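Residues per chain, in single letters:
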Amino acid sequence: MGKTKDKSGPLARRPDNSAFKQQRLPAWSPMLTANTVLPFFYLLAVVCMLLGVWLLLLVQSTQEIKLDYTDLGNCNECFDLRRNVSNAAQACSCRVEFSIDKSLKGDVFFYYGLKNFHQNLRRYMDSRDDGQTLGRIKILKNPSTYCAPFDKDKYGVPIAPCGAVANSMFNDSFSLTYHLSSGRSVPVPLLRTGLTWYTDKNVKFRNPRTDNLTLAEVFEGTRPPLYWQTPVYSLDPRDPNNNGFINEDLIVWMREAAFPNFKKLYGILNRADPNFEKGLPKGNYSIDISYNFPVQHFQGRKGVVLTTLTWFGGQNHFLPIAYLVTSSLILLAAVVLTVAWWKFGKDGKNMKE
Amino acid sequence: MSKEDFESGLTWEVKANSRRYHKHKQRKSFLCFTRGRYSDNVVRSHKYSLLTFLPLTLFEQFQRAANVYFLLMVVLQCVPAISSIPWYITIIPLLVVLSVRGLKDLASDMARRRCDSEINSRPCDVLVSQSFMTAQWKDVCVGDVLRIRRDQIIPADLLLLSSSEPHSLCYVETADIDGETNLKYRQALDATHNELTSHPSEEALGAFNGIVLCEEPNNRLYTFRGQLQWQGECFLLENEHVLLRGTVLRNTDFAYGLTIYTGADTKILRNCGKLRVKRTQLEEVFNKVVIGIVLSVLLAALLLAIGAGVSSYQVMTQTSFLSALVVDGNPAYNGFLVYWSYIILLSPAMPIALYITFEVIHTIHSKFIGWDLEMYWQQTDKPAEARNTSLSEELGQVGYLLSDKTGTLTQNRLLFRQCCVAGQIYGDASVSAEDVKPMDLSWNPFSSGGLRMFSPTLVETLRGQRCPVATQFLSALALCHTVMAEWKEGFPVYQAASPDEETLVGAARELGWVFLSRTRDFVVVSELGATRQYQLLALLDFTSKRRRMSVLVRDPEGGLKLYCKGADVVILERLQKNCPHQESTEMALELFAEACLRTLCVAVRSVPEALWERWSKTLALSAAMATCERDTLLEKLYDEMERDLLLLGVTAIEDRLQEGVPETIALLQEAGIKVWVLTGDKKETAVNIGYSCKLLHPESRLLEWQELRQILQSADPQVSFFKAKQTELWATHKEMARAKTSVVLTGSELAEFEERPEWGASFMSLAEQCQSVLCCRVTPAQKAEIVKLVRKHTASITMSIGDGANDVNMIKTAHIGVGLAGREGGQAVHNADFAVSQFRFLQRLLLVHGRWSYRRISLFLCYFLFKTCGFALVHIWFGILNGFSAQSLYETWFIALYTVFYTATPVMCMAFFEQDVSAESSLKLPELYKSGQKKELSSPRKLVTYLLYAVYMSLVLFFIPCGVFYNTAYDYQTMAVTVSMAATFAVTVEIVILTKYWTKFSIAALCVSVVMFFICSRITHSTRLFQSSPADYFFLGVSEKAFIDPVVWLTALLTAWAAVLPSVTSHAFSVILSVHNKHKIHNSSPPPVELRSRFARGSSLRRSSYAISQGAAPGRLIHSATSIHRAEALKEEKVSTSKKLCDI
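Respectively, the protein sequence lines represent chains U and S. This note's numbering numbers the first residue of the first sequence as 203 and each following residue consecutively. This note's numbering numbers the first residue of the second sequence as 34 and each following residue consecutively.
Worth flagging that the hints you see were computed from the coordinates, not collected in a lab. The structure presented is a predicted model; accordingly, all values stated were derived computationally and were not measured. Every residue, glycine too, gets a C-beta built ideally from N, C-alpha and C. Just so you know, nobody snuck in bad clues.
Restricting the straight-line Cα-Cα distance to at most 27 Å, the calculated cross-link-like pairs of lysine-lysine (DSSO-like) are:
| # | chain 1 | residue 1 | chain 2 | residue 2 |
| --- | --- | --- | --- | --- |
| 1 | S | K1029 | U | K545 |
| 2 | U | K223 | S | K957 |
| 3 | U | K403 | S | K1074 |
Stretch by stretch, here's where chain U covers chain S in the computed footprint (C-beta under 8 Å, at least three residues):
| # | stretch |
| --- | --- |
| 4 | 917–924 |
| 5 | 993–1000 |
| 6 | 1071–1082 |
All chains should be built: construct the whole structure from the sequences, respecting the hints.
Here it is in structure tokens:
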């Protein structure tokens, strides 16, 4: 290595006789024939089919309860109330009831879902300031212009958290109640923390450093987003550690959805409660909803979903079916190839001689 | 007076020795204003100066639409309102591209500058106030008197005033102008000769005050019109009096010349075409596709923008907080902004990396050409060289090869290989010239080696004086010629106007008949050591019509002999009846012709004294007669003398082809390439070479001008062409006839094409059906015209190959110009795109490098478009679901790194190393080359197919993950990573399918780029980067989560697989259907090219030829009293007519 080539003499410009320069690098050129191609296609078709079937079985094994409460039952009143933005401050609550025919075994996840809510608009998605929610003191009171027009109110007071995403945070709250056949009602305990990604909770969203100040004092000089009824430092009155930018509902909301129809995690069944050790037993349930989030002006719907999960997630039929369809396409191609091989390719075999 | 000058077209005025007058009128240019008419003698081929480099290079680069497009993208991205991708994603690559290109241009400009200054500072002697001073070429000015020494290159077009030789003759070598290496003579006017050589030359020249009036500068190399007004007289000037720039003075100690044209006005520079930036056809097709893509992007963006306008209008009508996000509350304005955002977002469909990669690949391909040992010429230590690095793929598509002859096909070395004396054949041409055993010629003091004939029997016969015919034969060779001998270190060095003659005289010298010298009336020859003096009575000159020459000599014994040599046809019909050995000599002729040797018959006649006396009187009489009648009379007289000849023998000269030329031509023709030969040489030589290098089939019919003209003039050239062929008796098979017709044209005939442009198309359609086309006696400009003709009327790629300055023009005009770096000078190489040392290297250059390059680059382009479009078009489909808001579906870093890190290296490896068949098989199976000519891999259809495939891929890439993630808890960022992953997988699978040749680099590149995707994703999604700049790395933690999510993996794999399914299936189809083709490729080996094909008797007569310099032979200048008188008479005549002209 490190050859110093003698660049004089009669053959000074003679090219090196190296495999690279002479384009004679040792190489593998696979000689594909029908004998390798056809089995490959069949094998692939089988693999896809097996995967598809397996996934389908997994999906079938999960259970899911969907409830669209937009104008269901007495929520209808709230629905009408929310039609007018000026009533935003008025509290409204309603209750929907449902029953579970077959108990949901294992971990049960409580989602809220929105339809036709475009969290994926570019201006909407950009309308946030990750520096502010990261807890940078300077940015807290001087949010990025990306948040405009939700960066400051009309008096110039900075908004925290700024931007359209935070401003439009889903603010319905739910409490689930189990009605035993005995007539007794048991509140279903939901874990309202541990809903977020580790990185979101611990890196991406931080409260500004408090330095012996209370959270409320830190946020002094800012105001909550225009649509919010409570400031960011008192979002969760029950758990003081779940307030400020690290409030999990906020974090979940701030992880924007890719499509206009989406679900977001609201809570997980707390199976420490002896009644719900094995999940949600069958029976009658009701949900008390604090109905705040207006959906009329985007012609949206909202609902809740209770579901059990496998490693593959919840009830999602698309992927298994896609596997099965692909598998049949490959199979079709394989059959066509076989026919072609039978008709034409075999001649080639004879021409070997 | 001056009015008349204008009328006669002689408007270029040169005053001798009046520098100031001309300097004043020298052409000066500032920016685009030019003033003055005489250009200076400086060559300027460089483009930039220190000041102009930056603006010029930027100007040039932004003439490329792509660069402007990317600049626009950068500008757009800097506007926050529409910036859907941060600005730095595009500007860094753009800057890299601009600076790489700029530096490359600068480097080549520097090289040109060095080359120019080397030429401009060549020394020459200029007469300044009565003494010659050494000056540089660039200082030469119109009107200067120059002194040219022996072997100097002439710096400008000069009027020859006088020379050191008698009659002010001087010899020039015009190899750099017309490719002929034989010497041409030039002669000064008698008037200037007499006046300027009688006195000490400096003084006389200093006092010379003639005025030359001549044509405006033009590019006609062989004509010159002008007059010299001096001492109250007027002399007509012709081409014979002019020394052209670029020619070399030979055999003449000094020549004095008056500068007429300098620099850009000289004929040779006028013949140089303009420097043109060459672009490959593939690049043009590709550029069109790129424009197509850009237009579709603009259209798609427009539609999306309309969608955006509508959806923001809907948002506005609802009292949603989202309406606050509509800019200015104006949906139309919002749509307008979204339009630009989408243009930015879709711009990666045509990424700037493509252009960088394209250039890198071209450069590497060029390097491979230079690195190829098989194209390295050991004797001169010259590897092949790709001077223009951007044409390599076009080497794989060449349809027409237009070749120069001299120095390109031939080595330009004639060798005496065989002879037939008295019916006996000596020497063996089947042994190649290098392998010939040298004969023992030590007995001959004048032998200097170099005879490539082994025949001791001939030497014995000669030395033993056993055979009078052989002695006569050698005497004939030593006497019958127009060669001049020059003594150098005790040896005679021969200078001939015809290389054939030089060879023959040289061979005679080796065999003991040494031509020592000639004077006006005597020729001195040493015959086996005995010096004999022959009196030269008459020299019956060579003309192309006569095809023979003779000398009439009186030998020392007093006998009168006529020695004659010429083409076999003419000699054989002039033999005496029952001439001995005729039969066996004709057999020998046939044998020689078979071996592709150039033959000449040598004959003798003993002339009775009485006949000579009578004849010489008639000759003297007719020589004094008026011009036109005289010529016919002379010819008749000559004919009378050259009769009743006794056949002595036949000489066989090998016009040595370069090594491997016939094989190469045969191979290239098999590969579907039409080979044309364009030469400045004369027809006979060209046709001869055509036969010997297998360009013309021995049985092929030569279609000459008269016939061609009739065909072209007829209403339907095609029909009459077939008719013409059918009338031929031998053309029993149509197919055969088609392949075996060749067109032979000469320059003057080609000139008619210029007048009748409508013939071009029909000529080309005829030429397409012919085996070959030979063009002889063409000027450099005409060579270029022919190339243009081919380019205009066919869609094929043309390639020109040549070695001399006379080929520069065609080299520049053709799509690809190849310079043969064999000889000194290298003008051709300087202007060529590729330089090789041997003609046969073309095989490898075209069939191996070209074919590979074409394949690699076509595949590369298709794949690159596929991967970038497939990846970028996803945004269109995403727009449907996000209210057309120009939201990107990818992380910005993925967009930036996708083309650079994740997918670039495998495709580059493919573009570097891909070989579908090995080099050996490529050469064995020339028909594989045809796919390039048909543009099978680079047709617009192919590109469009790939684009449609890309659209399909983008649909799959979006809608399968969309189906999986719709209405679930998966967020946008996970979706983005999934689609990125699927896209990376899909394009990786696609390259796996395309690559057929897996080197360790390809495998490593493939693995590395996939791994890179995972590593880079983890890095850009890392905590540290997010904390340092939250706005730029906001995908914090996504990959950490997604890369362990089975749903993400299952989705990405399925998506990738579904995306490449059509491609996989179609490849599987081609595998299954092409099983037997492959076997053909790998197993068959066609028989080697038959070099010495046997052909029918009777065709051999075509081969005999006698190559001699253009124009009339110089015989009249060399001697025989009559011809000198004649010349004198002619001159007087001319002078008197010119006087008459002046008097008017």
